[in-house]
Structures are given as structure tokens and as C-alpha cells.
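This is what each chain is made of:
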Amino acid sequence: MFERSHTVTITDTGESFRCGEGTVVLKAMVTLGYRGVTSGCHGGGCGVCKVRVVEGSYDAAAMSRAHVSEAEERDRVVLACRIRPRSDLRLSVVGGIGKVIARQQKKFGFV
Amino acid sequence: MGVMRIGHINIRVLDMDAALAHYEGVLGLTRTAKDDAGNVYLKGWDEWDKYSVILTPADKAGMINIAYKVEKDADLDVLGTRIRDYGITVDDLPEGAVAFCGRAIRFNLPSGHEMVLYAQKEMVGKAVGVTNPEPWPDGLKGAGVHWLDHALLMCELDPEKGINKVAENTKFMRECLDFYLSEQVMVGPDGDIQAATWMFRTSTPHDIAFVGGPVMGLHHLAFYLDDWSAVLKAADVMAKRQVKVDVTPQRHGITRGSTIYFFDPSGNRNETFAGLGYLAQPDMPVITWNEENLWRGIFYHTGEEAGKFTTVYT
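Line by line, the protein sequences are chains U and C. Counted from 1, the first sequence has number 13 at position 13 by the numbering used here; the numbering is strictly sequential. Counted from 1, the second sequence has number 1139 at position 139 by the numbering used here; the numbering is strictly sequential.
Because the hints were derived from the structure by calculation, they are not lab data. Please note that the accuracy of each hint is not assured.
What the hints assert, rightly or not - Capping the alpha-carbon separation at 25 Å, the derived lysine-lysine pairs in DSS-like fashion look like this: (1) Lys107(U) / Lys1171(C); (2) Lys1240(C) / Lys1308(C); (3) Lys107(U) / Lys1308(C); (4) Lys27(U) / Lys1233(C); (5) Lys1141(C) / Lys106(U); (6) Lys106(U) / Lys1240(C); (7) Lys1308(C) / Lys27(U); (8) Lys1141(C) / Lys1233(C); (9) Lys107(U) / Lys1161(C); (10) Lys1060(C) / Lys27(U); (11) Lys27(U) / Lys1161(C).
Turn these sequences into a full structure, and let the hints steer you where they fit.
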């Protein structure tokens, strides 16, 4: 029995990959070698994979309220490690793709 | 006299069933209690006190507090006075306020992290007992970790604004709680900014560590394994159970431990840490890593940042 899968597109980079209905979007993304969304704890705790679902429907598991408020979640802003697709999805990175690059520059070792 | 060792850590989890599947099934801790608020208490097989991890259901991840056990009840008065004299507010907690513990004191480190000290906790014994014990018990699950070993707390560091909570915590731990400094990372143009420290009260290189970051938080809680082969087996357990591994088996330059970093199902970073490292003693000279070599200190083989060490924490 094959699981149903959908196409997920990251609008910032144009990357597009397939994700099964039982698989979380971020996991499918990293497994297939894409990098458009920052990959972090994969547990809904750290908040670095924050995205807006521009199009499509999904199921979401519990995610940290320190990073996604209830209002944001209602507004389809979620953590990519907590959502499973129910249709094709189009995502945009919250903070934009620039945030991935900005965090690499460190002046004092760790910061 | 004074602080003996790490006692327990209280962690917030988003999904208790998933958290228990991880802390019991992957790490191999044993559940010892659950209270009316839904907190679950767990211990490693080689620990004798009632618990070393408290999981609290919550809507975000991270650490609620970290507790250290002192040797004598009177130590709580001595250390409490020192902390107050240092200018930090101390709450006196009656017996039972910290579950299964005697009276305790509670305060916040200069970084803001909440710390608890207590002298007595209900004792349940090791899984192998104390009479002619076997070296390890039957029925261990997953990695079968021995005990909670240490934690690393992320502390605000912004040298341009004059903020260095790593240095403030280190000074506090030294002056008030008699912790010793084993290793430090010094950064900046003049190499005079203390960006990370490892401190101990036991005879191992760290019972707590502080690393600078943009905001305070929990970097990881670490559990002890015997040796490199136990680390490899732990990594196999994680792969089998599809745990999100941050950094595969490696050696730290700092502390010399062998390690795996991985995340619990709420995104709290865990570590399995093996080996003594080296004998840490109060009179040992402090080891310093400079900025050019700091990543060799953290991940010795590659000398580069691996995983999401500085950017992802709760």
C-alpha cells in the first residue's frame, strides 16, 4: 500500500519535492537534499523552520508557542517540522531566505 | 561540603507520550513517579535518588530549572547567605516543594536560568542493588544511559553592548557555589571575551557549561555512557527509532568526551556523553581555547561547526 503524496514548493527558492501524507514536510525536504527552509530540532521546539503556507491544506502537530502564536497558527504560519500535507503545498519562509545567510556571520566566536 | 553533583533537570515537553517514548525507549530511563499536574519523573539505572529528569507538559520547549544536590543540609544556609550577599534574591522552599526532596533554595543565575539547591531526595537505589551487584541490569531499553551527567546553558552574549552572561555566571558559580573552571573559550580582537566555560564540582571536567548566544536558553542535557562502543550503539538506537540526530558520534576537544547530539520529540537537545574525559581537580590549571581553535574544541575531528550547534536550541 503506497501512501498518498503531494508536491511541496518553497516559493523563495523554487525548490519542489514530493512529501507523503504521513511525513512531515521538513523531514521530506532534508531527506531529499533540499535546503530552502532552515532545518533545526525537528521537534517543534526551536522555531527556525518557520514558514507561511501560502496554498494548500495540512495537518499540524503541537509546536512551541514561544515561536508560533495561536494567531499566527490560525493565519497559516507554522513550523515546517510539524506539518503533514493533505494537498499540494506552497510555502514561503518567514523572515525570508536572507535569514539563513545572516545567521552564519559571527564576530565573536559563537555570536 | 557544598555542591556534590547535578541532581535533576526539569524540561518542558509538547507531547508527553512522545517524550516518554524517547526518554524511556531511546535513552533507557525508568519512570519513577507521576504527579497530579502531569509531571513525570525518571531516573537512570545507575542513579540511586528518585529521579534526575522531570518532564512537564507545556506549550513550548526548554528548561524550567536545573537542580544541584549539596552534601549537608547546613550547606543550604551557607550557600543561601552567600548568594544573597552577592545581591541575588533567594527563595526558601519548604520540604516537599521540590518533589520528593527536603527543603531547598531557589534563585536565578545572572543569565536568568533558574537554579535549585537541595540536600535530600528520596532514595530508591540503583537497578543492580548494593549487595554483590552485577555490572549492569537486565532489561535495559535503548541506549541504557547511566545517569544525568551535565547540562549546557546558553547565556546572552553581546560584547558590543557590554553583555556577557557567560562571564557573569562563571564568576557567580566560582564565588558563591565553589565551582571550579576546567576550560574556557576566549574570543574577540584581544582574546579577552570569555565566550564559553566548563565548570565542575565532581572529578569530571564539567557538571555545568555556559556558552554565549543571542538569547538565553537550554543548549542540551547530557547523559552518561561508559565508552565509545556504547556511544556507537546509542547512535544505532537513534537511527532505528528515527530520532533527529544533530551531530553523529564525535570527540570533543574540550572535556575529551565522545558524544552524540540529538533532539527529543519537543526539540530539546540531548547528548550522550561517554568517558571520564580526564581527572578534574580544584588545583588543575585552566585550559583555554582561542577563537581560531574553538571549533576544534567543540568538534575535534573536523574543527568546524557541525549540525546546528550555535543556531538551534530551546
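Practice task
Determine which of the earlier numbered hints do not hold for this structure and return their numbers in increasing order.
Solution key: Hints 5, 6 and 11 are the ones this structure does not satisfy, whereas the remaining hints hold.
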